[in-house]
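Engineer: Take these sequences, add in the hints, and give me the full structure.
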Amino acid sequence: MFSRDNWKEIFETIQKNKLRTFLSGFTVALGILIFVVLFGFGNGLINTFDEFFSDDATNTFFIFPGRTSMPYKGYKSNRQIEFDNSDLADIKKNFAMFTQYVSPRIDRNKLVKYKNESNNYDTRAVSSAYQFAEKTIMMKGRYLNREDIKNKTKYVVIGRLVEQDLFGAEESVGKYIDVAGSVFKVIGVFQDDAGDDEERRMYLPYTTRQLIEKNTDKINQIVVGFKPEIGYAGAMAFDASLDKFLRDKKYISPKDQNGIYIRNVADQLKQNQQFAGVLQMIVGLVAFGTIIAGIIGISNIMVFVVKERTKELGIRKAIGATPKAIIGTILLESVFITTISGLGGMLVGIAILSSLGEKLKDYFITNPYINLGAAIFATAVLIIFGALAGYIPARRAARIKPIVALRDD
Amino acid sequence: MGSNSLHVLKGINFTAESGELVAIMGSSGSGKSTLLNILGMLDEADSGEYTLDGVPIKNLNETKAAKYRNKFLGFVFQSFNLINYKSALENVALPLYYQRIPRKERQERAMKYLEQVGLKEWATHLPNELSGGQKQRVAIARAMAAEPKVLLADEPTGALDSTTSYEVMDLLQKINDLGNTILVVTHENDIAHMCKRIIYLKDGVIVKDEKVKQVRASEYV
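From first to last, the protein sequence lines are chains C and B.
Residue 1 is where the first sequence starts when you use our numbering, and the numbers rise one by one after that.
Residue 1 is where the second sequence starts when you use our numbering, and the numbers rise one by one after that.
The set of hints was computed from the structure by calculation and includes no laboratory data.
Among these hints, one or two may not hold up.
[Stated by the list, open to error] Mimicking SDA-like on lysine to any residue, the simulated pairs with C-alpha atoms at most 25 Å apart in a straight line are:
no., chain 1, residue 1, chain 2, residue 2
1, C, K8, B, P127
2, C, K401, B, E44
3, B, K86, C, I403
4, C, K311, B, Y85
5, B, K120, C, E12
6, C, K401, B, N61
On a predicted model such as this, the values are computed, not experimentally measured, just so you know.
Structural biologist: Now the structure itself:
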């Protein structure tokens with residue numbers, strides 16, 4: 001069935017029936033092309049999505065103090081809740097089992113100067129562990145460490161764009177800058193995936209800030225990193241008991257929506273993953289539909305092709321073609337065309353996807369791609385169904401009496 | 001098909017010897033084409049016996065019928081039935097393809113038969129580049145290529161003018177002269193008289209079966 005002679009016969013038939021070949025090939029190629037591109041776009045959407053949400057660590061709670069909205073245990077409503085250093089210590093002590101690190105966060109917008117350059121920046125006073133929460137990446141120098149916190153050093157870690165603004169091409173590490181009247185030494189430069197705003201920040205020890213601010217022990221927010229191994233359920237339980245602990249300590253009603261707020265990234269993460277999952281499902285469904293449409297398309301064409309060839313098949317039978325030879329010829333031809341054009345469509349689709357890269361980022365599609373396995377699987381499915389779609393009418397044609405087939409015009 | 005059955009042939013009994021050139025004559029509807037189709041295994045008789053070259057032809061499945069057709073029979077149709085996207089040479093070589101004869105030998109043998117029908121120069125032409133007479137000659141070459149026991153021609157001149165018809169008959173006569181058995185279905189008297197024996201059919205029965213003096217078609221060409 002696969003002799004060179006048969007192939008030659010098939011090539012001749014294909015060559016001399018260009019429209020037919022083009023029609024069936026085009027259907028398959030287009031089906032696979034659309035499948036690959038759609039699937040790739042779906043993955044691109046998910047990429048964009050991941051990029052939006054995975055810039056910060058996901059094993060993190062952010063605790064924000066608020067203003068109470070109901071009286072509780074003798075305290076009046078509308079009371080501003082404040083955190084201080086003792087809260088940090090208490091969380092560490094009471095939740096040692098769950099916590100990986102605890103860091104305060106005190107944000108101030110300050111005028112920063114170096115030589116003739118000056119600008120307002122978001123200066124963020126934190127502890128050394130805060131690096132984990134933001135997934136800050138050091139480009140040069142180092143991040144704040146425990147010694148800096150203990151000794152209340154006047155060190156600062158600046159963002160990539162801060163360095164660009166203030167220092168230009170000059171080396172920044174080791175230089176001194178003026179932050180709202182105090183002189184700080186630059187000990188490192190960082191970058192951050194989340195973009196320009198993040199990279200226009202600078203980090204300094206929270207103890208230093210507290211010292212500058214009249215030796216206060218107040219802090220703005222608390223960031224708690226929990227141990228990833230406690231899992232989603234553990235994180236949710238930790239969240240609840242942390243909330244209860246702080247409400248007890250600060251005398252906030254358990255029903256008060258405003259006194260305190262814990263932003264639980266784990267919860268968000270789960271939602272995001274669900275959203276991404278739904279997205280993937282929709283894309284999968286659309287891609288599946290495309291393949292089905294492709295199968296229907298190729299089936300129609302095969303029925304048409306066999307119908308069109310009825311008389312020819314009759315002639316072939318009259319001069320001695322066996323039913324097997326008839327079916328073999330039609331099948332081999334259809335499998336050959338679908339394979340070549342399917343692979344062609346697949347390669348063009350992959351080429352389109354890889355040429356796009358970040359060009360469609362404005363439409364939330366980043367680095368669209370398809371894994372080769374999925375692409376080949378879809379192509380194989382189309383080839384198999386193309387063959388099946390060819391087989392059924394071919395078998396029918398092979399069964400028609402030659403005299404009937406010859407009468408067909 | 002099949003829902004309206006009609007008895008076309010109602011008892012036909014005859015034997016054709018090897019090397020005969022037989023015309024089956026009759027008006028349209030007399031059953032001559034049906035007879036030829038049964039002889040050609042393109043159609044099946046409801047009852048009766050058919051022996052070809054000592055082999056009883058019965059209970060044929062499609063595969064077996066195809067093999068017998070390929071080995072024993074060559075067809076010439078009124079409407080030529082050439083495959084329109086294949087060249088004259090490829091058309092002639094096609095029965096040999098189904099005999100699994102290697103390509104090169106196929107081409108050589110096909111060329112030999114094309115030469116015999118005088119169309120060697122037209123080997124690479126497609127059927128639609130040929131005249132009706134040329135097409136029929138290609139079809140005859142194709143029927144001969146498999147070297148069949150019997151050549152069956154169904155109104156071979158039905159679509160041709162008189163001059164071309166005589167050319168085709170001249171060719172068939174020459175092939176017959178070489179010892180090949182040929183059955184020709186026709187409704188034209190002059191064509192029938194170019195054969196050696198005429199079987200007259202009417203309403204599905206043989207009304208007359210006679211040997212005739214062959215008129216050589218070359219006299220008219």
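Engineer: Hint by hint, note whether the structure agrees.
Structural biologist: Here's how the hints hold up against the structure:
{"no.": "1", "hint": "C:K8 / B:P127", "verdict": "holds, 20 Å"}
{"no.": "2", "hint": "C:K401 / B:E44", "verdict": "holds, 10 Å"}
{"no.": "3", "hint": "B:K86 / C:I403", "verdict": "holds, 21 Å"}
{"no.": "4", "hint": "C:K311 / B:Y85", "verdict": "holds, 13 Å"}
{"no.": "5", "hint": "B:K120 / C:E12", "verdict": "holds, 21 Å"}
{"no.": "6", "hint": "C:K401 / B:N61", "verdict": "holds, 11 Å"}
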